[in-house]
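Q: Residue-level listing of the chains:
There are 4 protein chains.
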Amino acid sequence: MTSDGSGRKAVGVAVIGCGYWGPNLIRNFLGCDAASLLAVCDQDPRQRARMAGRCGAARLVERAEEVLADPRVEAVAIATPVHTHARLALAALEAGKHVLVEKPMADNVADAQRMVQAAADRGRTLMVDHVFLYSPAVRKIKELIDGDVLGEIYYIDSVRINLGLIQQDVNVLWDLAPHDLSIVDHLLGRLPLSLAATGAAHTGSGLEDVAHLSLDYGGNLIATFHVNWLSPVKLRHMIVGGRKKSVVYNDLDGMEPIKVYDRGIDVVSSPQAKHGLLVSYRSGDVWSPCLPPGEPLGNVVRHFLDCIRDGRSPLSDGTSGLRIVRILEAAQQSIKAQGSRIALS
Amino acid sequence: MTSDGSGRKAVGVAVIGCGYWGPNLIRNFLGCDAASLLAVCDQDPRQRARMAGRCGAARLVERAEEVLADPRVEAVAIATPVHTHARLALAALEAGKHVLVEKPMADNVADAQRMVQAAADRGRTLMVDHVFLYSPAVRKIKELIDGDVLGEIYYIDSVRINLGLIQQDVNVLWDLAPHDLSIVDHLLGRLPLSLAATGAAHTGSGLEDVAHLSLDYGGNLIATFHVNWLSPVKLRHMIVGGRKKSVVYNDLDGMEPIKVYDRGIDVVSSPQAKHGLLVSYRSGDVWSPCLPPGEPLGNVVRHFLDCIRDGRSPLSDGTSGLRIVRILEAAQQSIKAQGSRIALS
Amino acid sequence: MTSDGSGRKAVGVAVIGCGYWGPNLIRNFLGCDAASLLAVCDQDPRQRARMAGRCGAARLVERAEEVLADPRVEAVAIATPVHTHARLALAALEAGKHVLVEKPMADNVADAQRMVQAAADRGRTLMVDHVFLYSPAVRKIKELIDGDVLGEIYYIDSVRINLGLIQQDVNVLWDLAPHDLSIVDHLLGRLPLSLAATGAAHTGSGLEDVAHLSLDYGGNLIATFHVNWLSPVKLRHMIVGGRKKSVVYNDLDGMEPIKVYDRGIDVVSSPQAKHGLLVSYRSGDVWSPCLPPGEPLGNVVRHFLDCIRDGRSPLSDGTSGLRIVRILEAAQQSIKAQGSRIALS
Amino acid sequence: MTSDGSGRKAVGVAVIGCGYWGPNLIRNFLGCDAASLLAVCDQDPRQRARMAGRCGAARLVERAEEVLADPRVEAVAIATPVHTHARLALAALEAGKHVLVEKPMADNVADAQRMVQAAADRGRTLMVDHVFLYSPAVRKIKELIDGDVLGEIYYIDSVRINLGLIQQDVNVLWDLAPHDLSIVDHLLGRLPLSLAATGAAHTGSGLEDVAHLSLDYGGNLIATFHVNWLSPVKLRHMIVGGRKKSVVYNDLDGMEPIKVYDRGIDVVSSPQAKHGLLVSYRSGDVWSPCLPPGEPLGNVVRHFLDCIRDGRSPLSDGTSGLRIVRILEAAQQSIKAQGSRIALS
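Chains as they are written, first to last, in the numbering used here: chain G, -12 to 332; chain S, -12 to 332; chain B, -12 to 332; chain L, -12 to 332.
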């Protein structure tokens, strides 16, 4: 058993699922001293063949049961289709493994709750791969909010659209919105009071490919989300509007992903003004902070291993993952009910 | 009385209101042979002073009554605050004048209906200055839809945000959304079945400065609108997604405002596929058609005068303006009812 | 005779030439308290007709001689074709008028020198309308250089290209480069040591429509200029690269015309390194300073009138205008000599 | 010995040099059926360690001699520093190997000539990795020129700048310009008549980090190149201006790298016009052709192997690589001679 630079024993890891995201997890576990990649698992022999020679010393196995039965495997990363997450994660937790699971952690609230409970019962780390929380851009926005640079948050507006890979088991909301929902959950640190969502399906599968979601956080704070698999242009854009300053986060701008605008309005009391209030406009500098380099998924993997070894709770633990699933399930309900508002908390 | 190049008599015109938009109307009437600008009216002496020397031979008068009493004035253009539109337009129509009124034509449906009725009763032209319908860009999109270049429309998504002039009598939806609603009304040619809207107010006036509106046209066609007076960045962006092709209209791109994307998905029946349908992706050329030059407001003014002289109904007649007010009033209702869905037709 | 807000007498002004730029001068003189626009002159009756009603109380006259003979006219602004600048400016100076002349001030060095001499002999203000020197963006860059924010300047690279109005009497270099040359002259405050230029002509007139100019300022500082009348895309872009920071000035970006980049290299001595020097890379924040609003030509007109009344020398006086003509004449020589290097100072 | 899908024997290949570019070559040879990667060579043990597990079945060796002595190695790819290209390529050709060498093929004309001669004498394939010639974008531009879509070429203007890795043995011209020079050489298919270049060095090494190069092709066709290692912004931009249409190639625009503009001027004879010629402006559509996917280096590797097996001459053969070195050597001369014009052919 190898050990990392700190002299601590490396964690024995297995990755289940080698489709779209699995190979990225494998690459990052291989590149991390704190992990020892022991097994890679996929039911599909073609996927296993594709991974031959890209898994270091890890064994390529067909069945997840085989991985879970291996006592050297202390932690598993689950990168399989969404509807299999709960079954595999529960089996892993019951086998005493720590679990890193892809987003969304489950396709319904009940399953997500079971996962959180199982992790608590067994004293195991359950982490959801909300990878954007580990990106330098989101870390910087969080820092700006926590440091009160933006002031009270007025609204958040998020767009994530492009001609995307249409999923077979979940709609565009379950596929794309977890990214933006987890970012906003992290930034605001609380559940919205209610939500409403609309969507439309055009492929005949009945799964929405265009959707809009509006979260009401109370106190005039709303967060809106637009996700779309059919857009001819690719946009990944979030505006966080604050009383003092606003941030625009453009994930596709490699050079200046975050811009902080000292632009907005100031409202002061004034008996002369129509509503007793005077609005003035502020137009100040724009600042794009330099962000540290580094792949967010590398940070995910290190954080997962650190949490296991230190017994700490991950930033994106099961509870936070559950909040996202709550929102998604309620949004789905709202779409089915013609956009009716659904209370959340 | 002067006459234009066609030998026809020029129409005697007056402009009421010289604030933000009035001067543009005045400039365009002055530049149009078919009009003879006779009077310009504003209650505020400072506004009248500002216009001195910029109104050609037109008289500068204080009271609208004076204009309406002048028999040489055949048509008036009304560019006053929204809450005065109905009163002024009704007075003008009753005085036998043709009317061009700024958008939105009224701040409630009942008033808008009265205006339509009055114009019909008197046999006068009532036109709403939905100026974007007269822009080369929107004309081209209409042509692409009518010529079935885009195929069945799947969704329309519109964004019009920037740090804008906060109005004192209407919220951001009544201020900005009429532009986009009139464009979509023109493109689709029918009322939506229902809508839902959300918004938030931050200035203490109770008027929303951020709002989202979702229109359901049935048959999986939704149109969504985002308007915002607080955004640090300026965006005026509309995507019209079609089965065959999609259009992106960026009103701020002076060189290539319209791009037609031959990108999308094709759905074919396939017994092998999960839902019995196979989705394939199409990635083709992008084409930005060259648009004719010309100021849309110049087209508005000419169209208004042509309709008066030819007895034709304008493209943006009272009935189409009324549809926009219907949507705005229902959207207002939905915001007040926490985003509840409101049926329209 | 009117007077401005400061109680000082307004300067009697005439504008000669109402083609492309003249109307802008007229509008700005009309909007400036310190000026009293007395006459507007153009040989072409169609241009005079076009200006009727847009010149306030000024007389519209045909012949410049008439303007120069009017003792109430204290200052003239000359906006005629380049080859007429010297003749008209010399006549005006000899008639005791102050002169604001369009760029370039003359089409040859000898004429420009005569103009500078005539202004000095008569004690009159001679100012060249290098309008970009009066823009907030260039003022800010000058401030950053003078405040040593950028450090030693390494290079300047300027691009000004678009499908432009092809001139009949000067090539693209004389038409477009004066803008960028005057900016760089202002920023660096000195003549280059030498230059080399190349160009190509495609219209049959023999006048270059594409040209590149390279100025050597010594000490490893070069400034390069690309001007082009045929480009399908419009670019107005200048990079000022400094040892500490660099500025990118994009005149077409209305929101963030100036960006200051804390990016570059640091060179330190190191006996281990190949050349005894170690290069490290610095990647820091980007900052876009907020610029005050205001039309640069308004600043030009006010500065001209202030200089007349205070007897001060303008920022863009005849001497600075002469430096630009020197560079243009030498660049022309270099093009004719196949790009040979020409010494300047 | 393995064989590819066509039933032909795979070519035994070795890669020499595993620094920046070598791993890309290795990955592409591993992914190509037509190659059998037998050996990977690097003097530096750290580089070899880094490549362990990423070279398939290939041996990792220290000395190039060992590779050249292996009779199973039929072809070598050389990705070492520029000053070693000629020595290694000549040794490989003399050992009877086919050679793919990185750009520029040598750091002087004499060496490049020797390489061409050696390949001819031995009947071996010599190909230079001018990778952009194998990109879908450049192929499309070539197609547009050859199909006379653009008409006569008026000018080419290329910019390739960013804060780049400063080389220790060559200046920015030898490092970056080969890309653009090879593209232009490919598009125009001939040597320029003459050139002039300027540059400046700021790191103390004496190697230029900013350079401008102007090529004169006669007949009013000029091509200009701007390369810069210090720029705070990254630009990779080429305009090909034609009589009929123009192309803008933006290598950083992943969605629309090529745009074809139907914009320009038309010149017709006219006795009335000043120079007997009348210029009119044309403003038409913009078209961005869809390009096939695929990594250019994959195309390079396949083309190299095809040429070896079919005995064909590569698109970027030694002769074309030699033309690029001729231009670079002359440009270097011109910089040293203060930008003097150097004749080429």
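These are computed hints drawn from the structure, not numbers from a lab.
Ideal placement from N, C-alpha and C gives every residue a C-beta, glycine not left out.
Treat the hints with caution; some may be incorrect.
What the hints assert, rightly or not - Chain L is faced by these chain G residues, among others (derived, beta-carbon under 10 Å):
hint, residue
1, Leu17
2, Ala36
3, Met38
4, Gly40
5, Arg41
6, Arg46
7, Leu47
8, Gly241
Q: All hints, please: hold or fail.
A: Quick rundown of the hints versus the structure:
1. Leu17: Given a least distance of 9 Å, the restraint on leucine 17 of chain G holds.
2. Ala36: violated, 14 Å
3. Met38: It is violated, given that the least Cβ distance between methionine 38 of chain G and chain L is near 13 Å, above 10 Å.
4. Gly40: holds, 7 Å
5. Arg41: Cβ of arginine 41 of chain G sits 9 Å from chain L, so the hint holds.
6. Arg46: Given a least distance of 16 Å, the restraint on arginine 46 of chain G is violated.
7. Leu47: Hint on leucine 47 of chain G: violated, closest Cβ of chain L at ~15 Å, above 10 Å.
8. Gly241: holds, 9 Å
Of the numbered hints listed earlier, those contradicted by the structure are 2, 3, 6 and 7.
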